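Under the working numbering, the first residue of the sequence shown carries the number 1, and numbering increases by one thereafter.
Hints may be right or wrong, so weigh each one.
As the list claims (entries may be wrong) - Taking CB as the label site, the calculated pair distances span: (1) 21 - 47: 35 to 43 Å; (2) 62 - 10: 44 to 52 Å; (3) 29 - 52: 20 to 28 Å.
No lab work stands behind these hints: they were computed from the structure.
Keep in mind the model is a prediction, meaning the values are calculated, not measured.
Glycine residues also receive a C-beta, built at the ideal position from the N, C-alpha and C atoms.
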Amino acid sequence: MLVLTRKTNQSISLGDNIRITILDVEGDRVSVGIDAPKEVRIFRSELIDDTLRSNKESLESANFSMATFKKKQQKP
Numbered sequence: 001m002l003v004l005t006r007k008t009n010q011s012i013s014l015g016d017n018i019r020i021t022i023l024d025v026e027g028d029r030v031s032v033g034i035d036a037p038k039e040v041r042i043f044r045s046e047l048i049d050d051t052l053r054s055n056k057e058s059l060e061s062a063n064f065s066m067a068t069f070k071k072k073q074q075k076p
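Make the full structure from the sequences, and use the hints.
Here you go:
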């Protein structure tokens, strides 16, 4: 991981068409602005993590439900 120190209104460029600007620093919170083409999808990582966790839990629940259903179907 590359770690850079930036001050308010300073930027970091990624490639030719993405710019990340530090807009404000207040305590332990940092406001970040991102200029990128519309086709570049930007997500907060905690939302991706929550979605992956939720999908995994749903899949595990569905697998458990299907296994229970199959067991019930096998009983005479």
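A quick look at each hint next to the structure:
1. 21 - 47: 35 to 43 Å: 21 Å, violated
2. 62 - 10: 44 to 52 Å: Taking Cβ atoms as reference, residue 62 and residue 10 lie about 48 Å apart, which means the hint holds.
3. 29 - 52: 20 to 28 Å: Roughly 25 Å apart at Cβ, these two residues keep to the hinted range, so it holds.
The earlier numbered hint that this structure contradicts is number 1, and it is the only one.
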